[in-house]
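Asks: Each chain, written out:
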Amino acid sequence: MPMPALDIEKIKKEIIDSQLWRSVFRGGLWKDTPRDRAGHIIGNVWLHLHPVKVRPRALKWAYSWGMGGISFALYLLLTITGVVLMFYYRPTIGLAYRDIKDLEFAVTLGMFLRNAHRWAAQAMVVAVIAHMVRVFLTGAYKKPREFNWGIGVLLLTLTLFLSFTGYLLPWDQLAIWAVTVGTNMAGATPVLGNEGPLGSLVGMRINNDVRFTLLGGTMVGENTLLRFYVMHCVAVPLVVGILLILHFWRIRKDSFSAAPYEANEEKIDVWPHLVKREYIGAAGTTIFIMIWSILQNAPLEAIANPNVTTNPSKAPWYFVGLQELLVYFDPWIAGVVMPGLIIVGLIAIPYIDTNPKGVGYYAWKERPFANTLFMLGVVMWFALIYIGYALRGPNYAWYWPWESWFMNKPAPPPTWSVFGPKGVGAYSMLIGIPLMGAIASAWMLLPKLIQKELDGKKTMGAFLGLLALWAGVGMAMGKMGAIQGGYLLFFVGASFYFGFVLPQRHIRTLDWPRYLVTMVLVVSTMSVLLKMCANLAFNIKYVLTIPAISMNI
Amino acid sequence: MSYRKAFIVSNALMLASFIWAFVKDFRAEWRPYQAKYYQMSADVLEKKAAAEKDEKKAAALKVEARKMRSSPMEIKQIIANDLGRFDRCVTCHVGMDEYTNPSLKNDFKENPYKSHPKIDEALVKAHPFTKFGCTSCHSGQGLATQVEPAHGWVKHWEKPMLKGAHIQGSCVKCHGDFENLKGAEIAAQGKKLFSKTGCQGCHAINGWGGVVSVELGDIADKPFERIAGYNFKNIVMDGKELKNEHHHNEWNLQNWILAHLVNDPAKVTPNDPFAHYNAEPIPPSGMPDFTQELSRADADAITAYLSGMTKEEVIPHRYHVSAPPAKEPALSGAAHGKFVFAKYGCQGCHGLDAKIGRRRFNAAGEKQAEYDEKMPEKEQLAQMNLGEEPTLPKLVGTYTHDELIHKIEMGVPASDAKKWSPKGPMPMVYMPAWKGKISKQELADLSTWLRSIAVKDESGF
Numbered sequence: 173m174p175m176p177a178l179d180i181e182k183i184k185k186e187i188i189d190s191q192l193w194r195s196v197f198r199g200g201l202w203k204d205t206p207r208d209r210a211g212h213i214i215g216n217v218w219l220h221l222h223p224v225k226v227r228p229r230a231l232k233w234a235y236s237w238g239m240g241g242i243s244f245a246l247y248l249l250l251t252i253t254g255v256v257l258m259f260y261y262r263p264t265i266g267l268a269y270r271d272i273k274d275l276e277f278a279v280t281l282g283m284f285l286r287n288a289h290r291w292a293a294q295a296m297v298v299a300v301i302a303h304m305v306r307v308f309l310t311g312a313y314k315k316p317r318e319f320n321w322g323i324g325v326l327l328l329t330l331t332l333f334l335s336f337t338g339y340l341l342p343w344d345q346l347a348i349w350a351v352t353v354g355t356n357m358a359g360a361t362p363v364l365g366n367e368g369p370l371g372s373l374v375g376m377r378i379n380n381d382v383r384f385t386l387l388g389g390t391m392v393g394e395n396t397l398l399r400f401y402v403m404h405c406v407a408v409p410l411v412v413g414i415l416l417i418l419h420f421w422r423i424r425k426d427s428f429s430a431a432p433y434e435a436n437e438e439k440i441d442v443w444p445h446l447v448k449r450e451y452i453g454a455a456g457t458t459i460f461i462m463i464w465s466i467l468q469n470a471p472l473e474a475i476a477n478p479n480v481t482t483n484p485s486k487a488p489w490y491f492v493g494l495q496e497l498l499v500y501f502d503p504w505i506a507g508v509v510m511p512g513l514i515i516v517g518l519i520a521i522p523y524i525d526t527n528p529k530g531v532g533y534y535a536w537k538e539r540p541f542a543n544t545l546f547m548l549g550v551v552m553w554f555a556l557i558y559i560g561y562a563l564r565g566p567n568y569a570w571y572w573p574w575e576s577w578f579m580n581k582p583a584p585p586p587t588w589s590v591f592g593p594k595g596v597g598a599y600s601m602l603i604g605i606p607l608m609g610a611i612a613s614a615w616m617l618l619p620k621l622i623q624k625e626l627d628g629k630k631t632m633g634a635f636l637g638l639l640a641l642w643a644g645v646g647m648a649m650g651k652m653g654a655i656q657g658g659y660l661l662f663f664v665g666a667s668f669y670f671g672f673v674l675p676q677r678h679i680r681t682l683d684w685p686r687y688l689v690t691m692v693l694v695v696s697t698m699s700v701l702l703k704m705c706a707n708l709a710f711n712i713k714y715v716l717t718i719p720a721i722s723m724n725i
Numbered sequence: 058m059s060y061r062k063a064f065i066v067s068n069a070l071m072l073a074s075f076i077w078a079f080v081k082d083f084r085a086e087w088r089p090y091q092a093k094y095y096q097m098s099a100d101v102l103e104k105k106a107a108a109e110k111d112e113k114k115a116a117a118l119k120v121e122a123r124k125m126r127s128s129p130m131e132i133k134q135i136i137a138n139d140l141g142r143f144d145r146c147v148t149c150h151v152g153m154d155e156y157t158n159p160s161l162k163n164d165f166k167e168n169p170y171k172s173h174p175k176i177d178e179a180l181v182k183a184h185p186f187t188k189f190g191c192t193s194c195h196s197g198q199g200l201a202t203q204v205e206p207a208h209g210w211v212k213h214w215e216k217p218m219l220k221g222a223h224i225q226g227s228c229v230k231c232h233g234d235f236e237n238l239k240g241a242e243i244a245a246q247g248k249k250l251f252s253k254t255g256c257q258g259c260h261a262i263n264g265w266g267g268v269v270s271v272e273l274g275d276i277a278d279k280p281f282e283r284i285a286g287y288n289f290k291n292i293v294m295d296g297k298e299l300k301n302e303h304h305h306n307e308w309n310l311q312n313w314i315l316a317h318l319v320n321d322p323a324k325v326t327p328n329d330p331f332a333h334y335n336a337e338p339i340p341p342s343g344m345p346d347f348t349q350e351l352s353r354a355d356a357d358a359i360t361a362y363l364s365g366m367t368k369e370e371v372i373p374h375r376y377h378v379s380a381p382p383a384k385e386p387a388l389s390g391a392a393h394g395k396f397v398f399a400k401y402g403c404q405g406c407h408g409l410d411a412k413i414g415r416r417r418f419n420a421a422g423e424k425q426a427e428y429d430e431k432m433p434e435k436e437q438l439a440q441m442n443l444g445e446e447p448t449l450p451k452l453v454g455t456y457t458h459d460e461l462i463h464k465i466e467m468g469v470p471a472s473d474a475k476k477w478s479p480k481g482p483m484p485m486v487y488m489p490a491w492k493g494k495i496s497k498q499e500l501a502d503l504s505t506w507l508r509s510i511a512v513k514d515e516s517g518f
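These protein sequences, in sequence, are chains A and B.
The numbering of the first sequence is my numbering, which starts it at 173 and goes up by one.
The numbering of the second sequence is my numbering, which starts it at 58 and goes up by one.
These are calculated hints, taken from the structure and not from any lab test.
It cannot be assumed that every hint is accurate.
[Stated by the list, open to error] Subject to a maximum C-alpha distance of 27 Å in a straight line, what follows is the list of computed DSS-like cross-link-like pairs (lysine-lysine):
(1) A/K232 with A/K314
(2) B/K62 with A/K203
(3) B/K220 with B/K253
(4) B/K62 with A/K439
(5) B/K279 with B/K300
(6) B/K279 with A/K486
Let the sequences and hints guide you as you build the complete structure.
Replies: Laid out in structure tokens, this is it:
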């Protein structure tokens, strides 16, 4: 008897039409019609945060870099690996380190899991920053997306905080000293920290200030580990999740992409055109993290010992740039004011950038000021991270990559302060405070007050000429070396160009409130360069110091 | 590449990398060792079965062999709760695992298969593995299941396995009476040498001894972080330089202690006598050069003794064996004075039997040339090295009995020293105040003895 022919189509139809299948998956047999595709997005709780249709320009990898999606893929990856790791980890100082060793040596795939979690966390920091850079460069934060950009900045901050809280959990030397460096900066918060300016005036002590709240003690210990664990595993992910929903929902409501409309543009279906791209991005990320985790083990040093400080002690890499600033600034500036200004400044950008051009496409020529200053900030952030991470050795001395850390380095030369108890002049502070105020205000106001647009090349040439003259005279008098002259030309020249010439040319016409906020951000960025110059070339520790209220600038 | 292809390729790659991760995890280092042990033991059992004439016994042996061959691959561990040890060493060293090898004996010669040596001796019998674990005596990283990490030959493991005689330091941890213990002879010899050489004159142990240099009661816990890397690379041992690599296999505490005994410590820790890197000059290690007095074996013995000096390890009190206080010989007068001199380690600085003072960096003395600022640094360093502690017989004759007692009681602060190079560092070594540490009677006898060995000039003084 011949075998009855198998009618696959019929079986398929019967399965799909069964009550069980119908109850789980809505919609009928897939016919690949626009209606089917729309139904796929609308009828699925996971996919319905997408719009049904999207403009083809928004899908280009070269436009979006896929970094937002990859950041979210990493967030999911971190959630999954993190939850599995929680089965093996107990947050007490007696057990935490041992549990990590167990993961490394005894748990099946334990090492792989830990590596994946660690590397995905590092990758997420990079991906989120890259996402921000892309959104900035394509002007996608402009009206009506200002608020969503702000949520994005908060998400970036929370990503860093998530990574930072996780850094402590292995409870090894790397962990406690990195967290000690990081949290000590909190102790320097103005008013709220015991070492910060004005802190002692309002009664801040080591055991009641903001650092104490963060650590649950006066030093990194058992309470800190528990606090960081709860923040890392429960509190912060919850907040991040809520903000993510808001972030995605806003993207959808704001028509998904800022890419401008073109004539005769026809929207295309999200299923499959966007979904397939998202899938490939997420899969590629997963593969990348998996292979990285197989080839490279996460670091684990000796068990934490509060009595033995590692030399050098470094913060997690994404905060090393701020740590590097500690060489030039007191902790309240490097650890609190600067990061605060960065966060507030980033959130403020959509509200102070009134340039209507460059929304949804790369437009360097149409937005020269915004792009230059933003990218300068990004480059400075990563340059400082590179210096702090790769070029700083024992005692935080400068070591080139080819130099052994066992080489002794001479102690840095003695430093001095310009205005302060031992500064220049008899009434140093009395001169210094108004003088610095005058210089700062003049700098802020001058670019707008000069009504006519200056010739950039001529102005820059004249200024550099003056600087060169100063350096030349200094060298001739034997008071300055060639290196000092070089520092002077580079740092002061750069500050003048980015802090004066560019604002004068481009934001002179801004209204006063927006202009002033922009200038505060610009001048603070330049002050970093200027202070580096003062320290490197002239060994100046503080420009102004008022010891009575721990106020050093 | 179309997205359809990319979809298939990426899925395949995800699956492949997961399998790769799993295979890598499955091929753990310990597996081949354990598998080979089961095989070798099964072979031995089968041979026995073949040689056995009694059929019943032969059958039983064969069953045992089959069981052995199909034993499950597993991480084995000894949990010694009292001592806080979780030792997975027996995962590879299966012959030392009581559950797999209840007799704890086998005929294998090679590590990691062989059984524990001297298994029948009292020393091993008194320390059952299930109670003490492995690392209580041997050190190393008990939690690890890979060769290098388990033996502690990796970065960031502070206590690698103790090698050779140094393991006797582990006896010292619990046994206060280790000097009379069979098996701890080398550590006992180390203690004797420590005292004979006068180390306690500068280094106190658990509060007993001088305060010139670091207390050694917890020296075995010294963190690597506290040993400066640039010092470690100066160590020459058995004719070769140690590796200049942080946390290398050779970078361990035993080598650091040895370095002070088989090298001139001033060369190991040269510091900064000419203030090249610091605001003030910092003298090299003040420890005298003992390379002439101590052989390599002597140095190893002292190292073994000091390897037991730990405070970090939590050892319950019931594990401790205390010793009665050592009896002192019944002596009196000058003979007792000579004994007191050695008892408090005066010879550490003033030489055995007070014969000749040891090095005191940058102290002005008779052997040195006139200080000259223009002298090259190398020669200046050699001159500074010629500074000496007082050679007592030449000195004590100028004191009366009471003056001498007073001098020993009060000590001599470092700042009293006359420097050879005024720009050089303050001499590190000084005479501590012994008041309250040396009893009145001991002091009197010490003074009597010292005055009896004073060099007398022609007039009799």
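Asks: Going straight from one Cα to the other, do B/K62 and A/K439 come out at no more than 27 Å?
Replies: Between B/K62 and A/K439 the Cα gap is close to 24 Å, so the pair holds against 27 Å.
Asks: A/K232 and A/K314 were given as a pair; does the straight-line alpha-carbon distance stay at or below 27 Å?
Replies: Within the cut-off at roughly 20 Å; holds.
Asks: If you draw a straight line from the CA of B/K220 to the CA of B/K253, is it 27 Å or shorter?
Replies: Holds, at about 25 Å.
Asks: B/K62 and A/K203: Cα distance at most 27 Å?
Replies: holds (22 Å)
Asks: Please work out if B/K279 and A/K486 have their alpha carbons no farther apart than 27 Å.
Replies: holds (22 Å)
Asks: Hint check: B/K279 vs B/K300, CA-CA at most 27 Å. Holds or violated?
Replies: holds (19 Å)
Of the hints listed earlier, there is not a single one the structure fails to meet.
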